[in-house]
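A.B. asks: If you want the building blocks of each chain, they are given just below.
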Amino acid sequence: MRKRQVQLIVVCEDDEHYSFACGYLKAKRYSLHRVRSRISPRGCARDYVKRQYVLEVRAARKYCRMNQSETYGLIILIDQDTNRQPNVYVDLDAELNNAGFAARSNSDPFAIFVPKRNVETWVYHLLDAGRSVDEEEDYCKHQYGIEHPSYGKAGQAFASYDPGANCPLPSLRKGCEERQRIPSP
Amino acid sequence: MIRRMYADNYKCLVNFECQFDDINLVMGVNGSGKSTVFDALRDIRDFVTGKSPIGLFKDSTLTRWQKRDLQTFELDVEGNGGLYRYRLEIEHERGEDKQRVQLEQVLYDGQPLYRSELGEAHLYHDDHKPGPDYPKDWTQSGLPFLGERPDNRKITWLKKWFKENLYCLQIEPVGIERMWSGEETELARDCTNFVGYYRHLIQSEPQAMISLFDALKDLYEGFGDLRLEPEGANVRHLYATIGIEEEKGRQKNIPLSFGELSDGERALIVLYTLLYLVNEPNTTLCLDEPDNYIALAEIQPWLVSLREKIEAGDAQALLISHHPELIDYLAPRCGLVFERDRNGPTRVRRFEAEGGEECLAPSEIVARGWE
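As you go down the protein sequences, you meet chains U and F in turn.
Number 194 marks the last residue of the first sequence (my numbering); no jumps.
Number 388 marks the last residue of the second sequence (my numbering); no jumps.
For the record, the hints were derived by calculation from the structure and aren't laboratory data.
From the three backbone atoms N, C-alpha and C, an ideal C-beta is built for every residue, glycine too.
Some hints here could point you the wrong way.
Cβ-Cβ distance ranges computed for the label pairs, FRET-style [stated by the list, open to error]:
| hint | chain 1 | residue 1 | chain 2 | residue 2 | range |
| --- | --- | --- | --- | --- | --- |
| 1 | F | 376 | U | 42 | 23 to 31 Å |
| 2 | F | 317 | U | 42 | 24 to 32 Å |
| 3 | U | 42 | F | 358 | 18 to 26 Å |
| 4 | F | 358 | U | 40 | 19 to 27 Å |
| 5 | U | 55 | F | 231 | 42 to 50 Å |
Take these sequences, add in the hints, and give me the full structure.
C.D. replies: Here you go:
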């Protein structure tokens, strides 16, 4: 059997995040044999993702340097939650700096998706792109009937989603820019 | 202890060479040739001990993409105060599935002890002066026919090492029989004859078996001992005595047949028994996936015990595993990575990874194919 090198690492807060990421990756025709996940166990998921981000960036930079790899990518999924939480992008750069590493550069293949208020906000919108949504609203999955398969379907929709001029979610628009950082399968 | 192995034109081993330490973890993707190395060791042992003739090395053991008819093995074995080199060259008649020993040779610190070539054997004394020459059957190893004499102790040591000290095992608890007729002085590859072997051990190593009970008491709550009960002429049935609390403060000992234990429990009893083999100096224990069937919490205590015994004694353990517990514990210090490029020959290299909390775990590096 041929040795298979993992191409993408997905670090996320929970199973719902990972389903969303898998939906996106399948739609983009990535083989899930080449994807490795790091999903937070129960507890403080945000802190887990932050810690893993530093560890993964360190490993990725070393791996890419050693192997001159252009096919490696890191995907981070972390909810912004409310405005009371610090900005996730700023926070993650600070984590890298505190650990003695350079902040994410434009050429780093690290895509950071930060749904606001949370991934359910994106799911609710992506499953019906015409639907009006608000980043401050909590689209609680139980209240809004978001079942587990919806996350994968929303991830697939995200793969071809064009934010255009009328996207009501700035975090989703930013997410579409982040997609460009992920290398082709 | 095996210090080096060379194999050529045997399955996926082509011009293959590997150095071994006192303890090694052999890693690699499925089909990378890990078990093939153990297969080769087992075949050499069975040939050298006279258990199997040369036909053991069937045509099907030749490397599929090679056209050559010569198969070669070399084994460097450290022990008895020196370094032995055993070399075996087998000539195959392809299509006919016929084989003959082209060369069989034993050196000790580079000096000859035995050499047979195309049916002519030359024996050397312990001081390496030439001994008798005689004709030899080229379908068999010459070593089993050498009787022990005061002037051939060196080669006798190697014979004994192959027979008594080299174990190549893959425990299959599902197939282990709960009763066995007679004693077994050797463990079968899959340990199916464990009960017969245990019967042999309890006769020859009674003290060691008492220590085994102590280890098993740590492992199983209420464990008492292992007992062999007669079940017909010369047949013994293995039972584990387990204490069960009947009422508060009152315990009743119940004999459970070895067959009534779970697969994992049976595998653990075999694994802990094997720990007593490595107390024996010069033992080389080759174990293919010892973690199979074992609860996660049980793997590391066994591994730590094995390593302690190896470090304290004069034995060797070569383990094959894909398990994260073994990889994280052993790979950084003694991991060997087997790999094949486009299904070509097996190559081996040392596992290298950084340590420290801020780094990925070795098993995670392996899972990503980054090792």
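A.B. asks: Starting from the hint list further up, note which numbers the structure goes against and sort them upward.
C.D. replies: Violated hints: none; all satisfied.
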